[in-house]
Amino acid sequence: DAGVIQSPRHEVTEMGQEVTLRCKPISGHDYLFWYRQTMMRGLELLIYFNNNVPIDDSGMPEDRFSAKMPNASFSTLKIQPSEPRDSAVYFCASTAAGVTPGSGNTIYFGEGSWLTVV
Amino acid sequence: EDQVTQSPEALRLQEGESSSLNCSYTVSGLRGLFWYRQDPGKGPEFLFTLYSAGEEKEKERLKATLTKKESFLHITAPKPEDSATYLCAVRTVPDNYGQNFVFGPGTRLSVLP
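These protein sequences, in sequence, are chains A and B.
Residues in the first sequence are numbered from 8 upward in steps of one, following the working numbering.
Residues in the second sequence are numbered from 476 upward in steps of one, following the working numbering.
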């Protein structure tokens with residue numbers, strides 16, 4: 008399996024520009040997550056989907072952030088307009104349902120998208 | 476509120492010098508504790524899942540243990556390639572991988588040759 012695939016790996020953009028990050032989850036996984044990681048705050052959950060439906064977006068910092076999952080194999084995280092404080096690594100992750108003890112299900116992460124807003 | 480803390484924040488070891496990393500948690504009901512390894516410029520990579528107090532898992536030089544309040548990641552005779560940030564996470568509600576899957580801040584391990 009190719010794992011969780013994210014693009015772009017690196018993006019440098021100017022303040023005020025729109026940024027779109029993309030994710031392809033592992034085939035067969037029905038949960039998809041967007042995390043943000045910074046030195047100061049560590050890994051923060053922004054939003055997650057189950058079967059393409061957004062379940063909890065309470066971690067999305069503000070209205071400038073939006074996420075969509077039009078089908079089971081694709082999701083986007085959009086920032087419009089971007090600001091320097093949005094600079095971080097954005098991770099997409101996925102997992103499958105099935106949570107009986109010992110099922111071993113864990114969340115699998117992509118390589119991340121490194122965003123720098125100048 | 477569910478909380479996960481890790482200590483130390485950073486650890487520097489000489490090659491072959493064994494040590495332990497700590498993950499302490501305060502949760503309403505543990506449904507799984509997970510250890511991840513994260514290399515610079517990479518996403519977190521899954522290592523272990525532990526479900527109940529007394530459980531242990533091993534992989535090469537790493538052994539994870541779990542008590543009712545904390546987990547330890549023991550590193551025996553570490554090598555430079557073990558240098559990474561080690562993250563722990565807890566899941567507190569069955570069938571919920573969202574806000575009830577909480578990560579700790581991590582321990583940055585450096586193993587010097």
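If you're looking for bench data, these hints aren't it; they were derived computationally from the structure.
Keep in mind that the hints are not guaranteed to be accurate.
[Said to hold, decoys possible] Facing chain A, a subset of chain B residues (Cβ under 7 angstroms, in silico):
{"#": "1", "residue": "Lys517"}
{"#": "2", "residue": "Gly518"}
{"#": "3", "residue": "Pro519"}
{"#": "4", "residue": "Phe521"}
{"#": "5", "residue": "Phe547"}
{"#": "6", "residue": "Thr551"}
{"#": "7", "residue": "Phe578"}
{"#": "8", "residue": "Pro580"}
We put the CB at the ideal spot given by N, CA and C, even for glycine.
Exercise for review: Provide an ascending list of the numbers of those earlier hints which the structure does not satisfy.
Suggested key: Numbers 5, 6 - these are the hints that the structure violates, sorted from lowest upward.
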